[in-house]
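A.B. asks: Here's the letter readout for the chains.
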Amino acid sequence: MASKGIAGIWLEEHAILNATRKTRESGSTKFEVISAYPIHGMEEAAGIQRSWIPYVTMVAGSVGLISGLLLTWWTSAVDWAVNVGGKPFFSLPAFIPIMFELTILFAALASVGALFYACKMPKIDPPSIDPDLTSHKFAIFIPHNDTGYDEAKLEKMFKDLGAVEVKKTEF
Amino acid sequence: MMKRNVLVIGNKSLKDVTDDICAPVERFPSKGWVGMFLGAKMLLLFYICILASVVGIGIGLLGVNHPVFWGTMIVTFVFWIGIGHAGTLISAILFLFRQKWRTSVARTAEAMTVFAVMTAGLFPLLHTGRPWLDYWLFPYPNQRGPLWVNFRSPLLWDVFAVSTYATVSMVFWYIGLVPDFATLKDRAKNKLRRSVYGALSLGWRGTAKNWSHYEMLYLLLAGLSTPLVLSVHTIVSFDFAVSGLPGWHTTIFPPYFVAGAIFSGFAMVVTLMTLVRIGFKEFQNYITLDHMEVMNKIIMTTGMMVGYAYASEFFIAWYSGNQYERFVFINRAFGPYGWSYWTMVTCNVIIPQLFWFKKLRRSIPVMFVVSIFVNIGMWFERFVITVTSLHRDFLPSNWGMYAWSWFDTGVLVGSFGMFLTLFLLYLRLFPAISIAEIKPVLNVGYDDKGGHH
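Protein chains in written order, with this note's numbering: chain W, 1 to 171; chain V, 1001 to 1453.
Watch out, some of these pointers could steer you wrong.
Said to hold, decoys possible - List time: in silico DSS-like cross-link candidates among lysine-lysine, alpha-carbon distance up to 27 Å: (1) W:Lys4 / W:Lys30; (2) W:Lys123 / V:Lys1209; (3) V:Lys1209 / V:Lys1100; (4) V:Lys1015 / W:Lys167; (5) V:Lys1191 / W:Lys120; (6) V:Lys1015 / V:Lys1189; (7) V:Lys1191 / W:Lys167.
These are computed hints drawn from the structure, not numbers from a lab.
Using the sequences and the accompanying hints, generate a full structural model.
C.D. replies: Structure below.
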């Protein structure tokens, strides 16, 4: 869902960090900061909370572990128990590798799924403010429905914070 | 305080980094690349013919026969799986240890992992002899009872370990590539290129919230891949160690196999990186001699670990007092396959000692030659373990030799065709250094920008 709004573009990492901090202090809550790489200290500057993906990993990993246990136990000891070399039907030590691998597999795939959900991916051809944002420029975008949205005021704020370009755009 | 060497030479700006790394993907291929690609592709076609014969006519074309029923397929499988391990070590384990130098080699090392695992994965599937029935390896409800797979067998653990490893390392690699695909999309000059890289980038937008989740996921995948990679070669070693055969049945196998895997994988990384540096001159500023030197140090260290394992294995075979164990090891070194044992020792233990000298470990020709020797040595290590343990049984009436046929040579040589074709295509189509990851470490070693913290 592309929304209209205003964007400022910066060229320096420290400038974008400062601009983000100021934008947040100005009361904007729906702003987005766009950069080509993760910026050290951006979470604090933009007030982003710690990602919730690890909880998904934990739950999916546990599900994987239990699935591995149930799969090996049910097929080897319940559904059709076959005597292999006189070993117990439920040979737990021998089942640990299966349980371990399924833990990792479930945890990894679910975490990636969580990232897709969190970043609303995959998305076909999302609007782009500037093609150089994936290379060497940085931007702050404020959507029109943000609290206290006033184009003239925001344009002035971005300019004062050292933006090299300010434009009305979609993101 | 020690001054850190710069990670990226030439005081690059952010734009320089994007331009440099995208250049090989965006320009017309060089003659060198085309030449190598045609060579690799011919080898791949040859490989396809060889495998088609092995599948169509039968596994008997290879030298596997009584008493050596595990031959080239298994040896080469372990060889390629081992190669893959260095990629995960660089991308995941060194990431967790915050080794910033890993950044510029991680992408290519991981690509090597993915292709090596793909190459390796074919062997056990074909080695079953009737590959069209390979779906029997997986536990699925069937009309034969259902008769389930035997979860007590290390061969089945291998099915789970290798398929999980292939899946997770591919996903890890792809997630790393997503922001770089977005970069390539935004730089695209024509529509087709824009659509293809746009689709590959999955609509990545690079907002601060996205990056926050992304970095967390990257950390999680690194954390999950680390025990995974150690488990994979451990389980591969269980294929041997869990059996009762002298020469295989030893507790040293898991750490010994993992060290060997890292050793051989780093050798392959060095082989490939020296070539990449020659082919793509702009990468020499990113994959510097310092990077190559660090990897050579790892090769020497793991080489000595492997050497220690050889010695300790031999000592324990004698010290255990088990006459079968003792016989196997003496036979390994001085029996009919003694030549392969000493090839292994020379290539893996003696030749890497050259890296004690700083001059040699910073010399591109020297490291290229040494890494090739290590690759040869590590293939022979698996040959020694597999074939020499099998060819002398408890009963002398069971003794024999491995009947190496030219199909064995074809399978071994051809597998390089598959690997190199994939690798060369990767170099042309994907950014071979992570653009998004190299940018945050650009300042390392440049004092005026406050690079070290």
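A.B. asks: Against which earlier hints does the structure fall short, listed by number upward?
C.D. replies: none
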